[in-house]
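Student: Work the whole structure out from these sequences, hints included.
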Amino acid sequence: MSAGYDHIDVEELKARGIKFGNTPYVLSAAVAEVAVLLCLATARRLHEGRLKIETNNWESYRPQWLMGQDIQGSTVGIVGFGGIGQAIAKRLIPFEVKQIIYSGHSPKPQAKEFGAVFVSFDELLRHSDFVIIVCPLNEETKGMFNEEAFNKMKPNAILVNVARGGIVDQPALYEALKQGKIFGAGLDVMIPEPLPTDSPLLSLPNCVLLPHVGSATVKTRTAMAVLAAENIIAALEGKPMPAPV
Amino acid sequence: MNRALHETCHRMGKLRILVTNPEVHQKAIELLQERYEVDICTELPYPTREQILQRISGTDGVLWCSKVKVDSEMLDKAGPTLKVLATMSAGYDHIDVEELKARGIKFGNTPYVLSAAVAEVAVLLCLATARRLHEGRLKIETNNWESYRPQWLMGQDIQGSTVGIVGFGGIGQAIAKRLIPFEVKQIIYSGHSPKPQAKEFGAVFVSFDELLRHSDFVIIVCPLNEETKGMFNEEAFNKMKPNAILVNVARGGIVDQPALYEALKQGKIFGAGLDVMIPEPLPTDSPLLSLPNCVLLPHVGSATVKTRTAMAVLAAENIIAALEGKPMPAPV
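Heads up: the protein sequence lines correspond to chains A and B, in order. According to the numbering used here, the first sequence is numbered sequentially starting from 112. According to the numbering used here, the second sequence is numbered sequentially starting from 1015.
Be aware that a few hints might be false.
What the hints assert, rightly or not - Sample of chain B residues lacking proximity to chain A, with all beta carbon distances greater than 12 angstroms (derived): (1) K1097; (2) E1155; (3) G1183; (4) G1205; (5) E1224; (6) G1281.
Stated by the list, open to error - In the SDA-like style, the derived pairs of lysine to any residue whose C-alpha atoms are separated by at most 20 angstroms in a straight line are: (7) B:K1243 <-> B:E1214; (8) A:K209 <-> B:K1081; (9) A:K201 <-> B:E1197; (10) A:K330 <-> B:V1319; (11) A:K201 <-> B:E1214; (12) B:K1255 <-> B:Q1173; (13) A:K209 <-> B:Q1047; (14) B:K1041 <-> A:M178; (15) B:K1340 <-> B:K1081; (16) A:K292 <-> A:T308; (17) B:K1091 <-> B:G1105; (18) B:K1320 <-> B:K1340; (19) B:K1320 <-> A:S171; (20) A:K209 <-> A:G226; (21) B:K1081 <-> B:V1346; (22) B:K1081 <-> A:K292; (23) A:K330 <-> B:T1176; (24) B:K1320 <-> A:P205; (25) A:K201 <-> B:P1195.
Derived from the structure by calculation, the hints contain no laboratory data. Here a beta-carbon is modelled for each residue, glycine too, at the ideal position from N, C-alpha and C.
Tutor: What follows is the structure, encoded as structure tokens:
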């Protein structure tokens, strides 16, 4: 009952002839909503703004105070352009983004719909104002957002992760945020989950955190549960599963 | 600037402009300095009413970047030379528009150039409240993250929802445009009368009462005036759906804040996302701060470099046009 399956030994299942299904697509809208939320919350300094109110540091009336980043006119880089990545692109277009670019193994035919351009991971890092991680966690992507990656990103860039915590080298992210190498990060996933209360990420004003709620709506979780059940029923009846892996 | 100096400027024919904040963007200042003698209030964090009163006498135009009220006392102090006042804001509830009109002082504001930035904050507050961002943060910080429970911290979907926009002007329309690809079921709006642009968004004009009863998201984007003051009161919250989310990016005074607190505390509505409140700054002991289902931003709706620069430039352009006898780009 998930889209991700980094916790499943897929090879073992295959070797034993066990059918395997997951729950893609039915959660794309909910996760995309959280991805856009994290882009906006980080861009407009939601956590920092809350801290300012709570600590009596709200500097009203200063026209250059707590300035945020615009989504309008920005370049959005989506790492992984599957169902969720495309759902995010669809939702960002009326914000009048300048360009959507994406990286992955190969170009996707659906990219045309969004005017999205396929680029190398390197180019994506260098050109994006928003970098959104929406790819699976596997041997290839594990820790791909490391110090080297953060050094390539723009100083005004915002990182959003709605995929898996392991794709990001978290200590390197902490350093990048602390030193202002990038503008901020919005994370729905992290290492470990639950995050310990003494995690240094919690001390950063420019780090927005959600406790892995990407698919947490009644409608979405119900659809995921039903799809998982339908995968089982189809497999046991010898029919094609609606969502085979 | 002292009296002798400004009299000299008048004798030289250069009109005198006052800018009521030292942090107005340089591009706007330069536009004005090319043509006029420009006096800029210097006080940080921001000039007080008294400090503005001390400088306003004998000005021809004022770029108003302040929450201080423009009223008879202020205009009396300015004197009969004042021909134009340009506020660096879309809202003008702090300005006595009738007094300006009575004195023949031209008045401009800064609509449209801030629509995108404010709409981004409105959508942010819808999403942050719907997905329980503040509450989620508290759960992490207090070691209450209940991972792996499939029915924990469930939020509201924008997909399939009915969005009610109170006030369908430039900002309201910018919000509607941005919400459509989230696959909302319907956009409805209220106001004095239907807007022709509503067709573009498939938005339906309804009464305020119907909007309250049918909306999953209620977004306040109307001006604060005698009519709208406190319109979101206990009665309004009683009409709203229990899963409804209130977002306010307009003015705090449109909401009866104690009634909102009660509605949130009792679960009469699901949550609220506020960029504006009463007062600003909010005191640190405000009961709103104790609510997990209340997301708060310190009035940052138009706070991006690009937007504030555009607002400053538009205010300067309003002044220049008025003093040159041309139509202002954004007259009120």
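Student: Next step is simple, just say for each hint if it's right about the structure.
Tutor: Hint by hint, here is what the structure shows:
| no. | hint | in the structure |
| --- | --- | --- |
| 1 | K1097 | holds, 24 angstroms |
| 2 | E1155 | violated, 6 angstroms |
| 3 | G1183 | holds, 18 angstroms |
| 4 | G1205 | holds, 22 angstroms |
| 5 | E1224 | holds, 24 angstroms |
| 6 | G1281 | holds, 16 angstroms |
| 7 | B:K1243 <-> B:E1214 | violated, 30 angstroms |
| 8 | A:K209 <-> B:K1081 | violated, 34 angstroms |
| 9 | A:K201 <-> B:E1197 | holds, 10 angstroms |
| 10 | A:K330 <-> B:V1319 | violated, 39 angstroms |
| 11 | A:K201 <-> B:E1214 | holds, 18 angstroms |
| 12 | B:K1255 <-> B:Q1173 | holds, 17 angstroms |
| 13 | A:K209 <-> B:Q1047 | violated, 33 angstroms |
| 14 | B:K1041 <-> A:M178 | holds, 17 angstroms |
| 15 | B:K1340 <-> B:K1081 | violated, 27 angstroms |
| 16 | A:K292 <-> A:T308 | violated, 24 angstroms |
| 17 | B:K1091 <-> B:G1105 | violated, 23 angstroms |
| 18 | B:K1320 <-> B:K1340 | violated, 26 angstroms |
| 19 | B:K1320 <-> A:S171 | holds, 19 angstroms |
| 20 | A:K209 <-> A:G226 | holds, 10 angstroms |
| 21 | B:K1081 <-> B:V1346 | holds, 18 angstroms |
| 22 | B:K1081 <-> A:K292 | violated, 35 angstroms |
| 23 | A:K330 <-> B:T1176 | holds, 15 angstroms |
| 24 | B:K1320 <-> A:P205 | holds, 18 angstroms |
| 25 | A:K201 <-> B:P1195 | holds, 6 angstroms |
In summary, the numbered hints that this structure violates are 2, 7, 8, 10, 13, 15, 16, 17, 18 and 22.
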